[in-house]
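Fit chains B, C, D and E with the ligands to the known structure of chain A by using the hints.
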Amino acid sequence: RSIIKIDGSSTVYPVTEAVAEEFQAETKGKIRVTIGVSGTGGGFKKFCTGETDISNASRPIKPSEVTRCKEGKVEYIELPISYDGLAVVVNPANDWAAHMTTGELKKLWEPAAQGTVKKWSQVRDGWPDKEIHLFAPGVDSGTFDYFTEAIVGKSGASRGDYTASEDDNVLVQGISTDKYALGFFGVAYYEYNKDKLKIVPIDDGNDANGKGPVPASYDNVLRGTYQPLSRPLFIYVSKKSSEKPEVKQFIEFYIENAAFLSKDVGYVSLPEEAYGLISKRFEKGVTGSLFGGKGSQVGVKIDELLKKGL
Amino acid sequence: MHKGFQRGKERVIEGALFLCALLSIFTTVGIIAVLIFETADFFGEVSIFEFLTDTEWTPLFANKHFGIMPLFAGTFLTTFIAMLVALPVGLVSAIYLSEYATPRVRNVIKPMLEVLAGIPTVVYGFFALLFVTPLLQSLIPSLSGFNALSPGIVMGIMIIPIISSLSEDAMHSVPMSLREGALALGSTKLQTSIKVIFPAALSGISASCIIGISRAVGETMIVAIAAGLQPRLTLNPLVPIETVTAYIVQVSLGDTPWGTIEYKTIFAVGMSLFVVTFMLNLVSFWLKKRFWQAYE
Amino acid sequence: MANKTNINVLWDKIFKVSGLIVTLLGLVVLAVLLIDIFSEGFSRLSWDFITHYPSRHPERAGILSSLVGTIWVMAITAALAIPIGVMAAIYLEEYAKKSWLTNLIEINIANLAGVPSVIYGLLGLGVFVNFLALERSIIAGGATLALLALPIIIMSTREALRAVPPSIREASLALGASRWQTVSTMVLPAAIPGILTGVILSLSRAIGETAPLIVVGALTYIPFLPESPITGEFPFISLAGLKDPFSVLPIQIFNWVSRPQHGFIVNAAAAIIVLLTITFMMNAVAVWLRHKYQKKIRW
Amino acid sequence: MKTAFKIKDVNGYYGESHALKDVNFEIGAKTVTAIIGPSGCGKSTFIRCLNRMNDLVPSFRLTGEMLHNGTDIYQKGRDIIEIRRKIGMVFQKPNPFPKSIYENVAYGLRIHGIKNKSTLDDVVEKSLKKAALWKDVKDRLKESALMLSGGQQQRLCIARAIATEPEVILFDEPCSALDPISTSKIEDLFSELKNEYTVIIVTHSMQQAARVSDFTGFFMMGELIEFDETKKIFTTPSNKLTEDYITGRFG
Amino acid sequence: MKTAFKIKDVNGYYGESHALKDVNFEIGAKTVTAIIGPSGCGKSTFIRCLNRMNDLVPSFRLTGEMLHNGTDIYQKGRDIIEIRRKIGMVFQKPNPFPKSIYENVAYGLRIHGIKNKSTLDDVVEKSLKKAALWKDVKDRLKESALMLSGGQQQRLCIARAIATEPEVILFDEPCSALDPISTSKIEDLFSELKNEYTVIIVTHSMQQAARVSDFTGFFMMGELIEFDETKKIFTTPSNKLTEDYITGRFG
Ligand SMILES: Nc1ncnc2c1ncn2[C@@H]1O[C@H](COP(=O)(O)OP(=O)(O)OP(=O)(O)O)[C@@H](O)[C@H]1O
Ligand SMILES: Nc1ncnc2c1ncn2[C@@H]1O[C@H](COP(=O)(O)OP(=O)(O)OP(=O)(O)O)[C@@H](O)[C@H]1O
Ligand SMILES: [Mg+2]
Ligand SMILES: [Mg+2]
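Residue numbers (the numbering used here), protein chains in the order written: chain A, 1 to 310; chain B, 1001 to 1296; chain C, 2001 to 2299; chain D, 3001 to 3251; chain E, 4001 to 4251.
Isolated chain A, as found in the complex:
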């Protein structure tokens, strides 16, 4: 019996786990799938040496990893599999922050804010003259990376004096007990903790993405109107492995069921037509990254990229 080895991001893990579970059931355990969680970076490390067949990634591959894979002679097929929306949330007792603009978020999170923007009143006039407490995933996570890219404009450009945790449940906990808190994390954590949190709709000033403030929700993410805080999640398949019948079978199964299963574990599926394109991309064996190997890009529509990439 053969083993399909998968490793990588903890964010993507639930989707892949769900797929693997169903896949095992369907193939009656004839094909074994194992999944590790050593982070997107750790996953690529193993992937680029040919140790794993598939890598879970919460961000597109980065230049240093591209080089690594080249060195390891691993060609990869990049397959987006679902969306993750980043929900901006506050405490339910917060009765002032009914919505925010991306500009306000930038003012709050950019590096210059460190030590200066300390109060709610500094974000928008009229908000309370109270200290603001910020919560977000650790600087090391793809989520944080994407957020800074999307809001501040440069990945990693952020203030550092916020409360970080690798575990989003901890952030939920922190925000739900602190009236003056504000934070962001995957929308799933909001969906499962609606009673403890209040979502802040975000206005990106671009009416093409929905007029006015848009709250993070499955529909808005799916429709592409929750911008710029929606990001795609990926799996990377080694070209060589993809020629193995069991891997091929698995990936096909993955693409077929990704829409349903990603919803099932709390993520947002890509638009219907995107999966068709992804399937084609895989069939054709298109290697390389849609993002040019430069990491995250903001505000892109996956289906458009995919069309271009075919």
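Derived from the structure by calculation, the hints contain no laboratory data.
Predicted model only: the values in this text are computed from it and were never measured.
One or more hints might be untrue.
As the list claims (entries may be wrong) - Restraint-style ranges between C-beta atoms, simulated for each label pair:
1) K1289(B) - N2006(C): 35 to 43 Å
2) K73(A) - S2228(C): 34 to 42 Å
3) F2131(C) - F1043(B): 18 to 26 Å
4) G285(A) - I2230(C): 39 to 47 Å
5) G285(A) - F1037(B): 35 to 43 Å
No residue lacks a Cβ here, since even glycine has one placed at the ideal position from N, Cα and C.
Relative to the frame of chain A, chains B, C, D and E with the ligands by itself:
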């Protein structure tokens, strides 16, 4: 012939024992080997001077600073708080269990305390965050939701059994005749414990403390969960901080690409911790030699 | 002077009470923790929970692969760490002459006790997985944790050996016993209670470790078990399972606590109960042995 | 003569084994009493009961009464610390603390709250002199007591016991490891002590008992066979067993 | 008469302190040699050198030669185990193993590979009888040796040492905790032993030395003041110091 065989056997055994002892050196060599190349690379790009003197640690931000001090401050602070809890409680428990408790009580309490050492540290992390911090906040309103204090305390609790159990063993094995000698002079149990048994067991007690401190320095999950992941050069226990160990897991399990300077920081940081603790151990070894050996 | 005595007696009484209170303090924390975990996870404990593989549905997910993995890994860890640790301690305490090398080893061991566990993971990855080509297997994971457990075992064993009165060694040596005979028949049995304490503490630590095993390559989702050590054919024992991939309970727990669904948090609590039960059982043997030996010897 | 101890129907047991059998006698204050008898007859057991040292042996049990100055040592609620402070003891096997020689002797004073350096120095010197150890150790008071020879350790334990000036001092074979000269000095000490203290000595040397004690008790198999004035015991013992024992080939 | 030991220019040091000074003499095979001298003079140090027991004291250092049967005990590469097997020892402080009485005596045989139960039983009984302990313990051989009285422990250690039948047996004050009857039995043992073994005894009892030994060495302050036939030492010592010591008030 038999004798020759016996002697050969002794040699073989001694050799085997020696190899086992040497394994610790191999482990260290291995650790250094694993760390050294990446560390060297790291210092190729970042000057040691900056590393040692910069007061900010932000390698994962756009504006990068590579000052190790904040991480060490965090480690020092949490370790210090942990020992503030674990030392007195652990030692008092040890004395109580060894000298006061009936054998029955000791045989029940000691293993139960040891369970504390076996609780997964993830659990402790959440305990610190969800239980201890709110509790402390009701006493100290200015306490942040993430801080050094509560993981420090919880770490201390985790270490209690290390100190109490090992010290208890050490005191328990002090010969009865010494207890008799002290009691016959009219000492109370407390005086006997503190003035005779404790010093007589000092070697074992100090070993337990060293293990306890080491455990605090090396502890990861508790601080990673409850201390806030905010490197900050401060000794204020009320604000979020980050420790060396928390930083290392954060990066090693995170999404940072391998081989980048950001990633290499963990090797440099690991190496520095290794060097610093080694020097501290060197000092404590020297102190021990200097002051205690004579009466062992 | 009589006054003084009264004060001392008073102190003694105060200590007797406060010592008990302080000792119980730890137990109170333990109780709070246990109650918390049990109230959350107890309802989830069932045979199904133990015999199922991971799943995206919290109510269907089980811990089979990680439970079996934990048992395997701990067996390896104990099998490596206890003998090696005790032997190293014996060498240092009973054989070694004071020299720069033994001093170095001594300092070094104390130092290793403080090395963060992730770094042991990196070491295991470098040495066991890559250099010795053991792959990301049970044996590599167990060996890595064994290295992690060693310093505590060595240090506590040394202290236990040191507590055996020198006159016992003299008596045995004077009868023409070799060093090894003296150690194995006299010193070691007398030191067993202390050694077991170290074993308990170090294995308790090892069983809860997450990070180093992730680095070494423990998996999170693994829907099958390592090859069984008991086989149908002669010699009925197989170690092939050692080379199999694995997961362990702490990793499963770690994964579950960070999932958004509350059901997984409950699962995590239930898995913690299972993990603690294993720790208990593992320690119970040691505690029983320690008790047995401690009763016998009182100098 | 005042009575220091009154032993009434004392029976002692180590678990099942009956180590002291119906012991009854009185010990006078400010006298030297010797306890003699063959090895294993219960001498140490008896003397260790006098300051409740045997409380530390879990299996040991005692019945009967042991009155010191009229009150039972074993009475419920008695302050054991007080008893032990008044009734000092030197053990059969020397048990110096793993501290310096000085600290060993000063220990008893320190725990009773005496901190004054010069008082301590004085007492340490005086006690070591009385125990005939001063000359051996005066230049090495800071050294570990564990490095002393067997006899030196024994004398150190004597010095330690007398430093606190208890009312009664129990000696369990105090001269067993001593050469004749030290022995004679220690015996002089006994005579000196009895002016102020009650002294009880376990000894296996009949000559020593004869030389230093006022009263002698002879134990055998846990029983007190005879107790009387030393002179009487050694000249006209009333019990055949006593006579046999003291006229044994070795005097 | 054959020579068992030849001691040449032996000096012993504990760190800085000079514990044995230029010791030179010969000990005959199959004789009983007594070592006497005041407490702390180096008797134990000397006797512990004979089977290299002082190797265990880290600070101890020895110069000179100690020949046993013609070869230096301290020669490089000598098998210490062999030496100790041939040269048995009973220590000053009784040090029974924390095992049963039976196992204490049987230990030496077991480590030499004797497993036969009935042989062991025989030797244990014989040795305990010789050490005059059999009667005290014959019903409790399985009990822990730590529960014996002081004198019983000492006799147990003697039984343990003779059970392995070494060539030489060193006794460091073997009778210090013994009553006269037991002492006389142990002294009988010495006379019996010397038919086959070389016996060296450290004792502080002059009478004992006079009674049992063929030769006597007198130590003082680490120096061997005089060594000669016992008769000679106790009647016409050639050194004034010896004379003073043995004619001290206590014989
Ligand atoms: N381990 C040691 N370290 C340092 N000095 C020691 C040690 N053992 C003994 N000494 C010193 O060496 C000298 C000789 O000691 P030794 O034990 O040989 O005396 P001894 O003749 O046996 O006396 P005793 O009759 O009292 O047993 C003494 O002054 C003693 O204090
Ligand atoms: N802790 C103990 N547990 C059980 N039995 C004991 C214990 N201590 C002593 N005994 C036994 O009680 C009896 C009396 O012992 P004790 O120590 O009183 O004798 P002793 O007269 O002091 O003898 P010695 O002169 O040899 O010291 C002995 O048979 C001894 O074996
Ligand atoms: Mg006795
Ligand atoms: Mg001596």
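So, against the hints stated earlier in the document, which numbers end up violated here?
none
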